[in-house]
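Q: Residue numbers (the numbering used here), protein chains in the order written: chain A, 910 to 1301; chain B, 910 to 1301; chain C, 910 to 1301; chain D, 910 to 1301.
Keep in mind the hints are simulated off the structure, nothing from the lab.
Heads up, a few of these hints could be off.
Since copy identity is lost for identical chains, a pair holds within one copy or between any two.
[What the hints assert, rightly or not] For lysine-lysine, the following BS3-like pairs were computed, each having C-alpha atoms within a straight-line distance of at most 30 Å:
| hint | residue 1 | residue 2 |
| --- | --- | --- |
| 1 | Lys1025 | Lys986 |
| 2 | Lys1220 | Lys1191 |
| 3 | Lys915 | Lys986 |
| 4 | Lys1298 | Lys1224 |
| 5 | Lys918 | Lys1082 |
| 6 | Lys986 | Lys1019 |
There are 4 protein chains.
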Amino acid sequence: MADNLKYYKIKDIPMNIHGRIDTSYDLIPLLSNGHGIEVSVQGSQLWADVEANHENFEPWVAIEINGELISRFMLDKGSHRLCLLRGVSPEQTTRVKLYRELQAMSEDPKTCITIKGLWTDGDFREPPSYDHRFEFIGDSICSGEGTYGARTDMDWTAYCMSYSRTYANLIGKELNAECRVISQGGWGVFSGWNNNRRHVIPDYYEHICGLASGYALSTKGGMLPADDPDIDVAKMSTGDRYGAGRAYDFGSWVPEVIFINLGTNDREGFNQPPFTDPDTGKTYSLRTDPDGSFCREDIELIINAAVGFLKKVRKNNPASHIVWLYGMLGYDLNLTLAEALNRYRTESGDGNVAYLELPSVNDRTIGARSHPGYESHRIVAGILTDYLKTVL
Amino acid sequence: MADNLKYYKIKDIPMNIHGRIDTSYDLIPLLSNGHGIEVSVQGSQLWADVEANHENFEPWVAIEINGELISRFMLDKGSHRLCLLRGVSPEQTTRVKLYRELQAMSEDPKTCITIKGLWTDGDFREPPSYDHRFEFIGDSICSGEGTYGARTDMDWTAYCMSYSRTYANLIGKELNAECRVISQGGWGVFSGWNNNRRHVIPDYYEHICGLASGYALSTKGGMLPADDPDIDVAKMSTGDRYGAGRAYDFGSWVPEVIFINLGTNDREGFNQPPFTDPDTGKTYSLRTDPDGSFCREDIELIINAAVGFLKKVRKNNPASHIVWLYGMLGYDLNLTLAEALNRYRTESGDGNVAYLELPSVNDRTIGARSHPGYESHRIVAGILTDYLKTVL
Amino acid sequence: MADNLKYYKIKDIPMNIHGRIDTSYDLIPLLSNGHGIEVSVQGSQLWADVEANHENFEPWVAIEINGELISRFMLDKGSHRLCLLRGVSPEQTTRVKLYRELQAMSEDPKTCITIKGLWTDGDFREPPSYDHRFEFIGDSICSGEGTYGARTDMDWTAYCMSYSRTYANLIGKELNAECRVISQGGWGVFSGWNNNRRHVIPDYYEHICGLASGYALSTKGGMLPADDPDIDVAKMSTGDRYGAGRAYDFGSWVPEVIFINLGTNDREGFNQPPFTDPDTGKTYSLRTDPDGSFCREDIELIINAAVGFLKKVRKNNPASHIVWLYGMLGYDLNLTLAEALNRYRTESGDGNVAYLELPSVNDRTIGARSHPGYESHRIVAGILTDYLKTVL
Amino acid sequence: MADNLKYYKIKDIPMNIHGRIDTSYDLIPLLSNGHGIEVSVQGSQLWADVEANHENFEPWVAIEINGELISRFMLDKGSHRLCLLRGVSPEQTTRVKLYRELQAMSEDPKTCITIKGLWTDGDFREPPSYDHRFEFIGDSICSGEGTYGARTDMDWTAYCMSYSRTYANLIGKELNAECRVISQGGWGVFSGWNNNRRHVIPDYYEHICGLASGYALSTKGGMLPADDPDIDVAKMSTGDRYGAGRAYDFGSWVPEVIFINLGTNDREGFNQPPFTDPDTGKTYSLRTDPDGSFCREDIELIINAAVGFLKKVRKNNPASHIVWLYGMLGYDLNLTLAEALNRYRTESGDGNVAYLELPSVNDRTIGARSHPGYESHRIVAGILTDYLKTVL
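If we strip away everything but chain A, and leave its shape as in the complex, we get (with noise of 0.2 Å):
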């Protein structure tokens, strides 16, 4: 590095932090797909210290320089100065950005990215502003599994995942609005795509990060306690460690738009086998009917899990604006979404929530791991575009 870089603290530096984050240390943690950081720095160099960990996958990361992708890559374990821009002309102003591929990973309690400090050459000007923010909740579609990778790849590896090339980011450069992604893969709204009644987005949404905090969460259930003097910080996820498991301020950022595409993995859950809990022994199912069509009860379950979740996703967000997509993987459970939609707006009197449907993936349009690929995301975040350009 050279002689003539300055260290700045991330307290001292002009910043946007993309992602919900408790920005309460002296470091940014990057917890969850999208999570980020954003500068505009005049001067010719911008360094980052960075330390990264993780048990079985490892995080991915990205750089976005004027908005363009220039660089993605994997962290390996350990501290890191990362080089995240040289070259340009010192009296050049560039807006940087450093952001977190890989979802929060809730079955990897060590998986994370904490951002240290900057070093540049230069100074630091006001980070850009957006126009709009947008909420988007998911399950693997928003964390954009299959978006990298080759068709062929059916692993379920880090690096298949992104948040560069899902539809949240492309409407967000569209429409220059700051996105963030609660989304988990293989999750659902009642269920599991394998029948798992405790992978939920629902439970997570009212934490600052809680898909980051599996691990402390799964011994003590629901949000972490400030101060819980059972719990043994050794044994801490990570993203605990970095208050992810703590209750998030919804009035800290108020979105426009939520987006909510779930339900794809509650849908597979009649084609699994019974899922049984390890620590309660029980056992769990969706259950189809004789001539092959899904039980009513069941549905009935996913019907109350969405009603739930949409009233709690409005107790917190009062004023914006809801809509729940399905379709990118099928079309099965959209009578049944819509139903729940319709339950809700009765039950509440609550009009300003409204479903949109979205282009199955087809033979042009997959990605890795039988999931949407970039070209799937695209036509999405135009469909969305268009539908926001009506709302907005």
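Position chains B, C and D relative to chain A; hints supplied.
A: The following block gives chains B, C and D in isolation, referenced to the frame of chain A:
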């Protein structure tokens, strides 16, 4: 016309007749969009003797040769000897299709084309066969309104409508399917765009081609009796004269899939002033609540109409997969229509129905008269073709 | 036709006349592709009185309304009263263009359309004005051969050709330019595809529309004298009867840019058997060397012809930018044509000429008769539009 | 790194080595764009021990897994243990390619990556085989300048360049071809963009990777002697230290087709001020005539250089089809280059060379630094793939 051409009566020609047509006459009446004839001719020329009429909306036709559109034009009043094909090698067998572009014009009782016979210097061969049969029910979108014409064209002209550029035709080509359309611009499932509750497709679905027989029907109502002494034939619509108002034999042509794309005009009623029925003086409207949302009572009316129509369609097509489509011109009624489908499924126990949403037009896909353009129909055809591949 | 329509003679109508046309007659003869009339009419209807004829290749026409193609059809022999527009609001001003799709058929002396007058219930307004003038010289590609028809269509039919889908028309729309085409399928700059050395565009470039007057010319040669007692008018081509064979006044319409797309058929001559001139019995061919390469002496002939044509074009168009295009059906003669351009530039000192290569058709862009399809013309129109933006 | 990983020396690994590389060392130096290694590994992890260095332009690398780009990043100075693959099922065989994105930087003698060995927990299998071999010679376009970065990025940064998004890489994937690139931004066939006549590809074509050895060459000139006592190894470029400046064995890898895309920078010289050679004080320029056209004498210099280069390429590749490409950044020298090809063909009697023009960038296809963007390379890859299908 060359001397070596020989005349063939309709009855003597092996042909595919497209559309719901009463074939008991010695001519083929083209009363609605997609109505047409298709032959395979080994010879260098093919001509058709046709007769056309209209009051306000002149009928348009298109010619496809070997599956490609090569001609499209209006037919003026009177008899015409149309050359459909000329200049190919005599030993060549060519597939020729002549079909009507313009929808049945319920407001113009005289709009009609009749094909009386064909001339060729060669021989007719077996016409092409199809792998599938699909039925499309709808409104102006299915009538291809806006698929021709400039974006600035706002008049309701015959040339703006088509069958050639609709998703029905495009899907037919992609999947080698025979497609039939029953559609009328401005009409709905419960009421027309202007709150006219007679302008609803369900009332005409069981006729052969009821939309072409509006004249007689508006004075008599109901299905056209075979022999009704009170009906003044001189005042009959051309459609009625050719049996369009008679009961359709649903067993004669069984579609694998039926697409219903209705609701767009029903939604428009909430924006329009009340409609006064000229016959009864009664006034009809759809109401919005003070907060601008749709009045629940009126939504109920639409839901009931949709449920009723689903029952009618199912009764007549016990084995067909029914898909309700919606969305190309806005999504406002999608939850209403989904509710109708849910209610129908619950009431009937019939699970062989689905809902599918289609992306709304945008700046790049809009056509004339603020309607979906050709590009919009191409996108929708792709989505529906993908869907069909999963259910066929 | 409605009673309130009024007849206007050609001379009394403000109109754009498209194409090189001798306007000294009291009618407009459409003798070649792109020949047409264009008016702005404030009224609800527009009709045209036309007369058509042909021997082997029936003429086709297209109608554009407000810049969009809405109709395309063949014209049979005889007089026709064509409705061009109907159903628009009377107060609306509509741009209507009627033009010929089919190239001048040098092999069919009778192919002709004449427009004698127009009928409307409204008034004619000033026709649209254009920002640019471009001339396109070429062969079957410029005649739009293959832009209509199925990929399996291999007969040389009139319907396979067009002006509507050629890059000339597309560029015209994109840049609001008036475009003229002088083209003939199978012809070249030195010889036709079959080694017929009379089938060369340069010999006809200085006529008003020489390609339409092949009949008289083939017996007499050269430009048509105004009053030649030896010419039997009864045997004259329709073109000649309308002045097509007379000298063109190049000052009457000065193109900013002239595109010459010739050479594709000259190249074909190397593959074809020798051609015997029926009049002289003399035999012509283009030879390949034993290793399969083109015989240098014959390449010289082509170069000389191209140089000569460039001189002729320049002589008649002193200020126009001239671009030689090549490539849509293979690149084999590109170095030969570039050599011609270089030689012309050296000999003439004229630097206002350029060479531009166009991408060859492929599986996705090919049309009927193994010719460039609509998609190929769209790509080429994009490339040429980009180029024009750099030189205009 | 996990304990079960085993280290393999380069010599012990079955691999494809991409690019002209002196493989006599016990490591693989990646000195230029497209240089890389490719293995098939059956195992869950793959790591590489690499070392990197640079002065001003840090080297960038990319990782493709099963043919898809999944990672792209800069390599800082020093030793790195890079994880290339992690998280796949151990029984899975995965194709992994690690390659250099950044061109040989002739101006930075230290830019280098060396691969010293690989680690895996599995076994190496036979690497993939290819159907074709293509060589691409060029300038910044071939170096992918502008394929990454925002359109507003104007600095000459390492991140703006790539192999991953160039037409070479895209064609390689489409036709399963092994591709090699010899290119340098700003260089030409006769002189560089700034009239520096040392910045010409022909002088380095016969070296293994001469562009990476600029340092020693600029003081010594010519090819690097194997053992030259006067050369101070401490001052040698990294490239030279790895044999880049030595004579290339053309028989070791015979391309079916060689594409030369040069001339774009030679043309720029006419616009630029004269260049003074710092070593000799001599001044060089390309002149325009008073009317703005290129001075014929100077055009002659370019032609001679191109002819000379064709002879050099042919001498070393007797059987390869050679195609000169031009046009992506303007067409101004196309007739000059065609003249060179014609002169070469005449002088050599060699007919196995061709000229092919490529469409210039436009508003939609331009990338960073006013260079062709990814979309432009994709279009060009399509055109060249189509061409290759006709000659292979």
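Q: Can you name, in rising order, the numbers of the hints this structure does not satisfy?
A: Violated hints: none at all, because every hint is consistent with the structure.
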